[in-house]
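Working from the sequences, and respecting the hints, build out all of it.
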Amino acid sequence: MNKNYMFSLVAVIFLFLIAYVGVEAAGLQWLFGIAIPYVATIIFVVGFISRVMKWAYSPVPFRIPSTCGQQASLPWIRQATIDNPSTNGGVIVRMALEILLFRSLFRNMRFELKEGKFSYIWEKWLWLFALAFHWSFLVVLVRHLRFFTEPVPFFVRYLEFLDSVFRVEVLNEVVQVGLPGVFVSGIVLLAAVIFLFLRRIFITQVKYISLASDYFPLFLIMAIAFSGIMMRYFVKVDIVGVKEFTMGLVTFSPSVPEGIGSVFYVHVFLVSLLLAYFPFSKLMHLGGIFLSPTRNLANNSRAQRHVNPWNYPVHVHTYEEYEDEFREKMIEAGLPVEKES
Amino acid sequence: MADDLAKPEELLENSGYKRPATGWMDTPIDIRPGMYCYASNPKSVEYVGLPNPRAWNPIDEDWKLPENWQEILHKGMKERLERFRSFRIFMDICVRCGACADKCHFFIGTGDPKNMPVLRAELIRSVYRNDFTTFGKIFKGVAGARPLTLDVLKEWWYYFFQCTECRRCSVFCPYGIDTAEITIIGRELLNLLGLNIDWIATPVANCYRTGNHLGIQPHAFKDMMDFFIEDIEEITGVNVEPSFNRKGADILFITPSGDVFADPGTYSCMGYMMLFKYLKDKYGFDITWSTYASEGGNFGFFTSHETMKRLNSKMYAEAKRLGVKWILGGECGHMWRVINQYMDTMNGPTDFLEEPVSPITGTKFENARSTKMVHIAEFVADLIKHDKLELDPARNDNKIVTFHDSCNPARGMGMLDEPRYVIQNVCNNFYEMPPNTIRENTFCCGSGAGLNAGEDMELRMCGGMPRANAVKYVHEKNGVNMLACVCAIDRAVFPALMDYWVPDVDVTGMSELVANALIMPGEKERDTDLRGEPLPGKEEEDE
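Those protein sequence lines, which keep their order, are chains A and B.
Residue 68 in the numbering used here sits at position 68 of the first sequence; the count goes up by one each step and never skips.
Count along the second sequence starting at 1, add 341, and that's the number in the numbering used here.
Don't take every hint at face value.
Chain A stretches covered by chain B per the calculated footprint, using a threshold of three residues with CB under 8 Å from any CB of chain B [unchecked claim]:
# : stretch
1 : 105 to 117
2 : 198 to 205
3 : 289 to 302
FYI, nobody ran anything at the bench for these hints, they're computed from the structure.
Using N, Cα and C, we set each Cβ at its ideal position, and we do this for glycine too.
What follows is the structure, given as structure tokens:
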């Protein structure tokens, strides 16, 4: 047992139950469905912006890109224009690859030492599942815009269509069995988050570095995905009521319609927690990656001077001081001097 | 080499990841001989006016810290969070995915989990969370926060001086978190309390006073070069006498003093001298050396940003005093990271210099138009491309060469193909090491960033293990017997590393190989290379 993940697991189960019991037994729909989501959204927006502002206020005194390829030098030497960009265009492509495709993580390889032999082994699983996780999360988020817009924008409907390609339907005069279109994104999200959790448990060195704050968001997202999948496929909630409720939230005229299942409030509560937790956690890598000075700067500080706003004068040992100390020896050795004595 | 150093097989055996029984925050620090460098000499610290000069010993209980050391560090961290966006972001956004872990040569070599880049950073991040974040203040240990105790401080010291700032981890980090940056700032904080190592502190003081890390005074510097002149004359029959501190020269040449001081760097130094003489005779090339700016390297970079700036200032100051047009720089690793990413920002702008143009080929070095400093590999590659050097690569035929990309030119600059182009034009036998160990993936020598002392030999042999292993691979497969590099620290430390792991491989610099192949005007028939070893085909005559 590891106290870090046990703590996080217990915390998430506890929060899950609080919301469930709060709605089911105490009828606190307004608290978990309205008050907490509003507060969480405010915390998220204000927290996110202030964190980014904090980063932005710290200057970038030096131009320190990690160069991952050939520099721009002589015209006949082929530059790695993306991995070692010297122009803003190159930086934009580098950043886009980094943010959209996790370029650096794709470089990953696993080191192994067996019987004195060093090997660097193909290892793209983390890259693959990280990519699956983030992209499916994005798709899920965009799909959810259905609940906050009227009419539903075309791209949301189009994405839903693409996302639900797998349908299980038996429709004839005798039986009518059908699941709603299965959203691939939801399943992928849950699978990827479980993978990310399992690698924290099974790769010993990753387990060793993992903190409670690494497990907590994983469990939280698992619980969110789980409650969402429950609602869609198993314990059906009143979808018309849900839409009425969410539209009430975004139009600032919230109300609690009758008959939406408790799972829905649990789902909303957990999402609210994730939002509120976000700005204080490592999840801020979402914003941080854009500002990372080893990636978002061109390696051109020899061609164009980079200015450090706090560059201050320092004590130096001047040539005059140097010559004063060594003048006689310099003259004796036949080295030129500024002053003969 | 230290007598009590473990055998290579033992080190190899020992290198795998060892998971301690306790969590990393609860595993006490064990400062082990062979793995750390001696504490800074108070005289050196005092000479450059850095805080808390006193004699102290890392293995003593009492480190003789100022009374309010926690306050000093807290303030120091706050100041640096406000000054460096890198520091603030790297403290905030790590997700501990572990992709960096087995990229670090020290982790591979020692198996110590605190040598995983992520944990090295967590050492300081845990204190950051405790002191500067809301969650850390509320949830303490659960949020991964811990107060800065004396043991934590000792851990900082031990592990920030077990990092060579090579940036290999930053290549693999999905957010570009750069442990070098964290180590640089970590060491800067330690220096606020006078916690440097002497292998850094004394070269810094030397460099400040005499112009170079080794403390070579001007007359001695000239003396040492005079020896090279004699050696070269003996081998080639040509007198290559250079000029020093000469006003009105076109170009100022600066290289690490290690090249002047110890083998095999000295052969590269002889290489520079021969190249300049060749260019002078053939094309009227006009270059001067300086005894004041007689250091390309910058151990200030391993101390603090301010110390780096103080030492680096001599390059431009001397260029200005001598009235040269631009600066040519020799082979050195971290020197070139400083020049590429810091120098112009710190000590520019350089309106007193001209945009560098090769007086021989007319090539404009566009990529250096603001710093006005060109790397010797760029300069020579351009000469060879324009067919300006008469070369006989067959003279290097008994050398089967591979090239080690030094960390800083690779990952803090991207100078990968220039030295390869030069080497492949002066050597006929060239083999690359496996692709996961060269170019941006290159493995550190294990002794950079000021860790090239004698007392931390076990650390060095562990850290250099992955590099040595790749050399061993091409040694066995292709018969490689010469490891070429463009870094003075490499040249100083690789002989010991090779001796330990791959005994039949020697170490050389690019410029040494160039000079061996260079046919100088008026030279006699050479029988030996610069080391006095017989040239290919001349072995028998030697007997």
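Consistency of the hints with the structure:
1. 105 to 117: holds (count 8)
2. 198 to 205: holds (count 3)
3. 289 to 302: holds (count 10)
In the structure shown, no violation is registered for any of the earlier numbered hints.
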